[in-house]
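J.: Using the sequences plus the hints, can you model the full thing?
Protein chains: 2
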Amino acid sequence: MNSSNSSTDLSTLKSSAQDAIDNKTKPPGSLGQLESVAVQLATIQRTLKPVVDPARVIVFGADHGVTEEGVSAFPAEVTVQMMANFAAGGAAVCVLSKSANASLEVIDVGVNGDLSEFSAIVQQKVTRGTANLAKGAAMTHEQLDSALQVGREAIVRAADQGVQCVGLGEMGIGNTTSAAILTGLLCAQNADAAADVTGRGTGLSDEQMPVKQRVVAEAMQRLESLSDDPMECLRQAGGLEIAAIVGAMLEAPAHSMVVIVDGFIVTSAALVACQIRPAVRDNLLFAHRSAEIGHALALDTLNAEPLLQLGMRLGEGSAAAMAIPLVRGAAAIMSDMASFAEAGVSTGE
Amino acid sequence: MNSSNSSTDLSTLKSSAQDAIDNKTKPPGSLGQLESVAVQLATIQRTLKPVVDPARVIVFGADHGVTEEGVSAFPAEVTVQMMANFAAGGAAVCVLSKSANASLEVIDVGVNGDLSEFSAIVQQKVTRGTANLAKGAAMTHEQLDSALQVGREAIVRAADQGVQCVGLGEMGIGNTTSAAILTGLLCAQNADAAADVTGRGTGLSDEQMPVKQRVVAEAMQRLESLSDDPMECLRQAGGLEIAAIVGAMLEAPAHSMVVIVDGFIVTSAALVACQIRPAVRDNLLFAHRSAEIGHALALDTLNAEPLLQLGMRLGEGSAAAMAIPLVRGAAAIMSDMASFAEAGVSTGE
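Chains Z and W are the protein sequences, given in the same order. Residues -12 to 336 in our numbering are what the first sequence lists, from first letter to last. Residues -12 to 336 in our numbering are what the second sequence lists, from first letter to last.
Keep in mind the hints are simulated off the structure, nothing from the lab. Quantities reported herein were computed from a predicted structural model and do not represent experimental measurements. Be aware that one or more of the hints could be misleading.
When chains are identical, the list treats them as one kind, so a pair holds in a single copy or across two.
Claimed, not checked - Within a straight-line C-alpha distance of at most 20 Å, the following computed SDA-like cross-link-like pairs (lysine to any residue) qualify: (1) Lys85 with Pro41; (2) Lys36 with Gln5; (3) Lys36 with Gly76; (4) Lys85 with Asp40; (5) Lys36 with Lys85; (6) Lys36 with Asp6; (7) Lys36 with Gly123; (8) Lys85 with Val38; (9) Lys36 with Ala146; (10) Lys85 with Ala330; (11) Lys1 with Glu129; (12) Lys36 with Ala328; (13) Lys36 with Asp(-4); (14) Lys85 with Ser326.
T.: What follows is the structure, encoded as structure tokens:
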């Protein structure tokens, strides 16, 4: 596509897609949000016959040094245990991806444990977990670059295999702390707002909550001056899996890849990716409104209207998996429904 | 099952199902509404390994004499045209059922036109549309009985063919008027509340709305004294397709059939069915919160929490189709996820 014409072409395509939807055999607008998703799919894939299949859920797993502060209800070793559970097919994201007719790819981008025995896991460990963000930068520059590259490669690999739509998910005990800090910094809140972005994660008790809030508030205070440098915020506060997701998002537009954002943690990666390159936003669909506090603020900042509101707060990619059939339905409306003219149905006019 | 023990058994089963969900490898409650749906599925099917497949969407089509009052944005002949569109596979419910991996059954229970050429349509026409409810009873007693029977037979047929879950949908120009009257009567509103249950249906103009509101208000006034007789309300105000859906719902429990309620019109049938036999409610899941005014009141009355909120207002069974993959996901959680013990994952305790 000629770059000088691309924005005109895109606007023409978007308007053709809207016309096509308006002429399908249904009252205008009566399929609600599925219609706007259908138009977005057409725009991403630059066709009036968008497709979602094959679809894939990609889960990036990594550990977090900040867990030594006591910010999680579950012990840090659960990351490696859950990665094994993913490999064995027993986790929520496994059964939900399967039920949604999507393949599942699990990537070790930085788990603090040996997962090399699992052939079902893509072995791309950058390092055994981040440094404790409460005491300094979570990643070195080299680690950040490597993690971003792992994410980029996942999208290139998916595109090479014909995948049209990826749901992005994560596993990493402690990562709601990173997501809270990134959300706080990038949604332009000051450190006083730490309580508004710090939730219970996997189920933190009343006793543990003040610890997590203190860690988030102190990190926000330390990093406040960096809030216009999303990449540095990511290096300081992020997890390796969050960095990989940012890399995946940055790579998606070049492959016309539809990206479904899972929940709070993946949305925090979207904040980073969209501030680095705003065009990424066009490729993103949002799976759900998480029960985790802080997600609403991140969604508002991204002007995102999620597909589901089921009170889910698991992560992994579980909500992204559940959103795939809705996105598939939206594609089917655009690609397969008859127009009034084709079906010989009278319009309301 | 011994009837004297059945309520105890049911409560034991429900509690076992809740225990099973709580021991899956995820923080308790973190899959939100999918968890309560999973427990409901287990309870309906009386097993800790519930299944949704094969799933089917059933669309009942019929015409409405009340259209001669001018209550719809679309002309009455659109019902027969859309039934043909269903048979040809071009309508929203066709492509959405297919994308949701559900079969589709379309039943003519009372369309005012000849659909006999379409082998894809189940031919069970009771009569060519209802009488005009603005002038008297919409159906005779015999017509009502026949329409109820058509719905019952659809569930028996589905059960015989191994179907585990049905989404119920409808097609009938004018049927939001019937649904509004039924909702108004059965949610214990007086005729003054007609405006609160009367929506724009397929897209009624500002000029046409007062006509529809007057028709609804006058019918509610005429039938107010019958509001404790849901079957007579149905005969007076209902459509043949709404009666068939009531019949289907009444039949569902005997076959442990999971029923997904589509939108406003199918929910009005649920009001009738659940007032006739409260146990029907246990088998019902609700697909979505329709944009049609009046649906919220009906959902509240049924204590129903729908799965989707996408601003849809098409009917047909389109939202029921989109809800099937979510219900499938809920079944997969219960049936296929590993427990903490099975997976060797540490709990948060």
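J.: Does each hint hold? Answer for all of them.
T.: We went through each hint and held it up to the structure:
| no. | hint | verdict |
| --- | --- | --- |
| 1 | Lys85 with Pro41 | both (12 Å within a copy, 16 Å between copies) |
| 2 | Lys36 with Gln5 | within (13 Å within a copy, 43 Å between copies) |
| 3 | Lys36 with Gly76 | between (33 Å within a copy, 17 Å between copies) |
| 4 | Lys85 with Asp40 | both (13 Å within a copy, 13 Å between copies) |
| 5 | Lys36 with Lys85 | between (25 Å within a copy, 16 Å between copies) |
| 6 | Lys36 with Asp6 | within (13 Å within a copy, 45 Å between copies) |
| 7 | Lys36 with Gly123 | neither (49 Å within a copy, 48 Å between copies) |
| 8 | Lys85 with Val38 | both (18 Å within a copy, 14 Å between copies) |
| 9 | Lys36 with Ala146 | within (18 Å within a copy, 36 Å between copies) |
| 10 | Lys85 with Ala330 | between (35 Å within a copy, 18 Å between copies) |
| 11 | Lys1 with Glu129 | neither (40 Å within a copy, 52 Å between copies) |
| 12 | Lys36 with Ala328 | within (18 Å within a copy, 46 Å between copies) |
| 13 | Lys36 with Asp(-4) | within (16 Å within a copy, 51 Å between copies) |
| 14 | Lys85 with Ser326 | between (33 Å within a copy, 18 Å between copies) |
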